[in-house]
Structures are given as C-alpha cells and as structure tokens.
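Visitor: Listed below are the residues making up each chain.
Protein chains: 2
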Amino acid sequence: MRKDEEFSEWYNSVIDRAELSDKRYPIKGMNVWRPYGWAIMKLIDQAIREEFDSTGHGEVNFPVLIPETEFQKEAEHVKGFEGDVFWVTRGGLNELDVKLVLRPTSETAMYPMFKLWIRSHADLPLKVYQIGPVFRYETKMTRTFMRVREIHFFEAHTAHATFEDAEQQIREDLQMNERIMRLLALPYLISRRPDWDKFPGAHYSLGTDTLLPSGRAAQVATFHHYRDNFAKVYDVTFETETGEHRFVHQTTDGMSERLLGALISIHGDEKGLVLPPAAAPVQAVVVPILEKGRQEEMLLEAQRLFLELRDRMRVKLDDRDIRPGEKYYEWEARGVPLRVELGPRDLAKHVVTAVRRDTGEKRELPREGLPDRLRSVLDLMQIAMWDRAEKILKDNTFTITSLGDARDGFNRMGWCGKESCGKAIAEKTGMNVLGTPFYPEPFEGTCIISGEPTKQVVYAAKAY
Amino acid sequence: MRKDEEFSEWYNSVIDRAELSDKRYPIKGMNVWRPYGWAIMKLIDQAIREEFDSTGHGEVNFPVLIPETEFQKEAEHVKGFEGDVFWVTRGGLNELDVKLVLRPTSETAMYPMFKLWIRSHADLPLKVYQIGPVFRYETKMTRTFMRVREIHFFEAHTAHATFEDAEQQIREDLQMNERIMRLLALPYLISRRPDWDKFPGAHYSLGTDTLLPSGRAAQVATFHHYRDNFAKVYDVTFETETGEHRFVHQTTDGMSERLLGALISIHGDEKGLVLPPAAAPVQAVVVPILEKGRQEEMLLEAQRLFLELRDRMRVKLDDRDIRPGEKYYEWEARGVPLRVELGPRDLAKHVVTAVRRDTGEKRELPREGLPDRLRSVLDLMQIAMWDRAEKILKDNTFTITSLGDARDGFNRMGWCGKESCGKAIAEKTGMNVLGTPFYPEPFEGTCIISGEPTKQVVYAAKAY
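Which chain is which? The protein sequence lines are A and B, in order. According to the working numbering, the residues represented by the first sequence are 1 to 464, in order. According to the working numbering, the residues represented by the second sequence are 1 to 464, in order.
Hints may be right or wrong, so weigh each one.
Which copy is meant is left open, because identical chains are indistinguishable; a pair holds if it fits in one copy or across any two.
What the hints assert, rightly or not - When the alpha-carbon atoms are kept at most 25 angstroms apart in a straight line, the in silico DSS-like pairs for lysine-lysine are as follows:
#1 LYS428 to LYS418
#2 LYS127 to LYS42
#3 LYS99 to LYS28
#4 LYS316 to LYS127
Derived by calculation from the structure, the hints in this document are not laboratory data.
Just need the whole structure built from these sequences, with the hints factored in.
Guide: Laid out in structure tokens, this is it:
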C-alpha cells in the first residue's frame, strides 16, 4: 500500500498489521486497544506523567460521569458540548432523577471539587492531571486514534492566584510540550487560536498542530487560559494574605491518543510503523539465524547478546522457530527501531549485523562494546527522525500572498487581525484558520483579505 | 477515633486525613481519587501488572460501553447484572437505536472480539488483562473503596483449548494472588464459592476473602472457570491440529480497589494509615530538626542523607518550614513506613533516629551503612505486617459445632455438601457461606445442619 497515494488505506493497514487497535468492536468509533498499541500508548502516557510529576502536578482520577446539574452551569461550555455528549438516563430499572453525562472533558467534574479543596492562598497553585477515557458522540466519520468516540485523554487542570500566574503555567506547559514532542519526533506549530475558535469557556486557547503527510493539520495538544470564567460559575475562591476573597485563575493542558495517530502518520512507511526509540516498547530485537546443526550454539550466543543489551535498552530475543524473513517482516511492521541479526558468519567474525528501521541502513558492528554502540545508534535515530520530519514540515509551510495559492500544508499569510478577514480566509479556502503563531515571527506585508499593511501572520490548513 | 469502637467512622477518617479519596463528589458512590490515594493504587496496579506480564498476559483496553445486543446474549449473566447497570440511551440530542451499557465487567465486551482473534489452536492460550473503570448501579449503602458505583477494576480473561488448560490457568492465578497478597500484607482464605453463589455464567468460582477488624469478610479477588459457557454464546471456536472445530474454555481473574480498602482496614491504627513498604509511595521520609542558627548545616546534611537513600527506596525529604511535630502527624496519617529524624545531636553523634510506623519503635542508627540498614528494616516490616495480620486472622477463625456459636470472624464448620444445608447455614446465621476451602483442610466431624458425618468443612462470615 503506497503511503503517498492512498494515505487513509495505508494508515489503517499499518494499524492492522502492527496490531495496535481493532476497529471491529460493535460500536462505531469505539475501538479496542490491543497489547502492542496499548504498550506504545503507555510509554507516551509515562513520558507525559514524568513531565507533569516533576513540575509539581498531582495525578488524580475523577469519575467518568458528571451530573447534568454541574455540567450545565457554564453556558458557553454547555453550548459547545451539548450536541456531543452521551447521556446516562437509567440505572438498573429506574429512570435517574438527575441525568448523567459521560464526560467529554473534566472541567465540570473537577471544579466543584476545586471549590472544596481551595480555601486560602496557601492552597495555590493547585495543579492536577488525569489520564483516562473521555467520550464524544461524534457524528462525523471516525478514524482510529484521530477521531473516535471514546478518547484516551490527558488533561491537566490548574488554579492560580492571578492571571499572570496562570499565564506562567501555560509557559511551563509549552516547555513540557516541547520535550514531549521531541520524544515522539513530532515537529509542530503552536498557534493562538482565533477568538471565534477558542475552547468553549476559555479566555484564550493555544493549539499544537502537526502536519500529516496528507497535507492536513492535526491538533495534538491544547492549552487554555480560563481567566476566572469557570471560577465565577463554580465559585472557586481563595482568601488572600490580607483576608480578601478572590476568584482563582485557571488553565488546562490537554492531549490525547492523537499523538499516536500523528506519530504513525508522519513516520510510518510502506513496511509499516516506524517508532522513535523513546516510544518503542521494543527498541531492539535480536534475531539469531539458525543454521542446521549449529542451532544450540547460535541460540546460546543470541541469549548472551540479549542479556548484554538488556541493561541499556528495551530488547527482545526472537528465538521462534520460523524463517528469519518472517520475523523481519513482523518486526518491521511493528516499527522496532533496531534489528540485530546474528548469523554463523557474524559469530565467526565476532560481529553482528544491525539494521536501522528508519533508514533501512545495514551495518556490521563489532561485538565488543556493542551495548554502548547500539545505544548511540538509538539516540541518533531519535534525533534523525525529528530532523527529517522537521524538514518535511518546513518544506510544506508556504507563505502565500493570494488565497488562490493556498494548498496542502501550512499556509502562512498576512492578516490584519479583523475577525471578518479571518473568517473570510476560512470560507474562501475551506481551511481552518489555526491562528497566529505563539512564538512571534517577523513579518512585513499586507492582510491577504483587506490588503491593509500588517506585521502579523496567521496560519491556515485543512485540518482533521 | 478508636478503631475498635467505631470502625466505620475510623475508616472514613483515615481516608480523609491521608487524603486518599474524596467522597463529596456530587454522585453518590462515585468518589474522586486524590493524588496520594491514586499513587498507592498505581503501585498496587503495577505489582499486579508485573505478575500478569511475566506470565504471558497482554494488557488491553476495551471500550467502557457495551451494546445492549451483546450484553444480553448470555442469559444467566444478564440476569445477574441487569438490575445493576447504568444505561446510555441518548447521544447528543438523539435517542440511540441500540442502547449502551456502562460495563459492569467485560465478558460481553471482550468475547465478541475473542471470536475474531481466535482461529486455530496456535492462537491459544489467549491471555489478556485490563485495568480501568467498571460501573454498578449500587442501591445499598456505599463505602469508599469497598462498595462504590465506579470501581477501579482489574480483570484478566483467558481462552484455552481444554477444560484442564483453563484449570491450570486458575492455579497460575492463585500463585499470582499469593504474591500480590504478600506484597499488600493481606492474609486471606481461598474458598470455592457454593454453586448458588457463583458468578453469573461461571462453571465454578473461587474467591479470596480477607477478614476485616469489624469481623466481616471482604472478597478482594475472584477466579472463575467458565468452561465453554460463554464460548457457546459468543461462538468462540478454534480449529484443532486435526481440523476439528471446538469451543474454547475460558477463565477470569478479577480484583479491585477493595484491595486498598482491606489494606487500610487491617493495618491502619489510631494515627491513621499504615502502609506495607511495597505499597508505599513514600517508604521513608527524612525530617531534619531545624535548630535556630544551624538551619543551613542541618538542611545540607538532610539533603545528603536523602540522596544516599534515594537509590535504595522511595524517599522524601520534608524540609518545609513547619514544626517537626506537625510533620510527624502528617506522615503518620499517610502511613509512611519509616521516619528518619536528623537533629543536631544526631549529627554530632553521626547517627539518625529511625521510627517504624507499624510498631512505633524508635532506634538510633549509625549513619554509616544506613541505606542498607534501612532497606533491611523495610523488608522486615513487610514480613512483620503480614505475620501480625495472619495471627489476627487465625485468632479470629473459629471451628464451631453449633450455629449458636457463630460469631464475628471466619466460622468453620462441618458440611455434608447438600445445598439445602448450606442455605440453612446462611439463613440461620445471617452470614454468607464463603464456601469450601480451596486448599483441602483435614476434618472429621458432622454436618452442622444435617448431623451427617462429613470430612468437608465450609466457611461462613458476615460479609461486605
């Protein structure tokens, strides 16, 4: 299946062949995570967890259900979600007095508790996060990891004494985001979403977009500054040092299984998945070439090699009694970064043959010092995968001066900042306006709609 | 609060003071896991995960929702659960064509997929497990960790070629169960549940019961042999080596947050939680006693100590600027196994003062070789906590010959095996018949109801 010709079919076949997820579950858009896919997702979760733990966030776990009464308190938020949620209306044989919503996100579950937990300035900042399922009643076409009805979701929620403290939190979030995206080898653009497209209830929203080979943007992370919008609705206040009562300022940071969807899309190839070492449940697989008559010797040597490597990487010994070619095919489909072949000739020469999954490069390496050497190859591969993907992103970012030139990829253009012009860009191109770049980009030009001189650019792209 | 006098109030206050969970969430029986409680549960999950990973189980993640059509296929199973489930009947503003159940357990979600995954004998055994939320529409009084409406649940599901292979799996489960219960310092009894009390759809069920200080049994793990009952309903077959098609034989192994509830109940004391080192997010806390004028020196020394200990245990340095007494109170409430105090006098003598949470024992220990020494103390504590709890369990297991002697604790008595006699035991005592011990116990006596001579015993207890 050609990735460049039939992207959607290719994407689905990579997921099937690597046994990441099964979409034959009898509810549309609710898929089953199979062990290998879940193992990758757990590595991603763990990387995220380490970032948030080390910046003083506590991991919590809130109920999946939210009472209608809490859910409906923030008007904009309700308006944004009410068409999109699943409703629990019955328990056993009884109609419920208060209907329950399967959380589409957890603001309305968490903030009634924040009200109880926060009393004084000493309780601030409050920083928590949660990893678990959220639900959306999607009516659009679903797509594994990209648009599903049960989403494996990450959400951090914080409360601060001031607007500025909350802004500082978002800067911390962006630093974590950079490290996480590096681990997944996913280059990205951070934009401040246009006001008409911010999160329901947010003061402002930032989004992290990756660019998929289909030429479309995929939002993989969002950061919202809520100001005191939710605090006013849920009455989340604190007592200052001087005894005043003030509303807290809040932020959220959200990510999802889309990170995996983007990773598959950007790095996969005709042979299947290609995993950056940091997200690979198996970083190297040792495959002994079992020649008749010398099987025991080869197996013993492969075992020795496996044990040597085990301290330096996640390694697997594949000693199954099937042809090496079958094994190669399978581990390539699963995106394992390194294959280490050990044949009778390698043994005699005291070498192994190492094959990189990302480039296909095959090299003979001396047995001596192999763990260090392979560890270095993994580290290089991690960087090389980022660099290649970054080049593609740059090559597909176009500064345009006429909407007729808008194409697949990130389209960058002058914008005077008026909502009417922004909406016109969206309408005339059929694209999403991703917003203005968070990290300022020098620009001198004119608004692509009004023609007014401007120093501001805006990005637009087709989006998932 | 006295544990022996007001057990329920004591239990709730331990949970509150240690900030494990908050039951003020606005849905009855759906509680919020706070960071410290969730950290303990994650350690328990991880211990379970390691057992199941190392015995060839793959971790999967199934959707939380099950279509009514799949849920209602196995008649006994439906009958057992239909009064207990939450129903999703609406998506957005639409009534759903097929109603969805919030899974109370995952047989009916998983087995339609097993049918797709299993083709031939080479696909067997299939061994998977899942950690995530399940839901029960409880109408009885709820109780944190013990009886809730959203349960943090572990479930392993396996499929085998033969009845015997499935039995072998259950023996493997029991070995894992033993290791997990040792880590949590929870002595237990394994019983084969009476036929009238087995899991809906099971051929037979085993249960692991702990004994709480209230004198009541708490089931904390179950093991079911399904024979081919579900396989017949979900048409899960495989092709044998000789080309025949046969139904698989299945088992499950289930555990839940009740493990934490039992741990709190059995080991906690008047000062709060007492954690066995294996389940303690913080195994040792270093508390410098900050004397005026020497604060910097003490802090530096405490930091050095913290760094020394860090490789051997999960350690925390509490250098907050509050009175040591406040710190002691807090860490005791949180059940941290070891407190390491470092005062100016300790510093001069080149010692520390170590206090064990389980016994309160206070000892001066030389600074030299301290990491090894404290590691040994933790290991001893782990065993001591099991031993103490086991003695209590034994002291509260009573062999009785008349139902009038039935009391709080495990009641052991002769049983002829007839269902009518078993049910009479339950009716006359108001207790649950836990079943016959899985590991045979030598006995010569008479049935407590019929008076017939029997070599079989049965256990009964009040139960949660």
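Visitor: How do LYS428 and LYS418 come out at 25 angstroms by Cα distance, when the copy is not named: within, between, both, or neither?
Guide: within (16 angstroms within a copy, 80 angstroms between copies)
Visitor: If the cutoff is 25 angstroms on CA atoms, where do LYS316 and LYS127 land: within, between, both or neither? Let me know, please.
Guide: Intra 38 angstroms, inter 19 angstroms, cutoff 25 angstroms: inter-copy only.
Visitor: Please work out whether the CA atoms of LYS127 and LYS42 approach to 25 angstroms or closer within one copy, between two copies, in both situations, or in neither?
Guide: both (22 angstroms within a copy, 19 angstroms between copies)
Visitor: When no copy is specified for LYS99 and LYS28, does a C-alpha distance of 25 angstroms or less occur within a copy, between copies, both, or neither?
Guide: both (23 angstroms within a copy, 13 angstroms between copies)
This entry satisfies every hint, going by the numbered hints stated previously.
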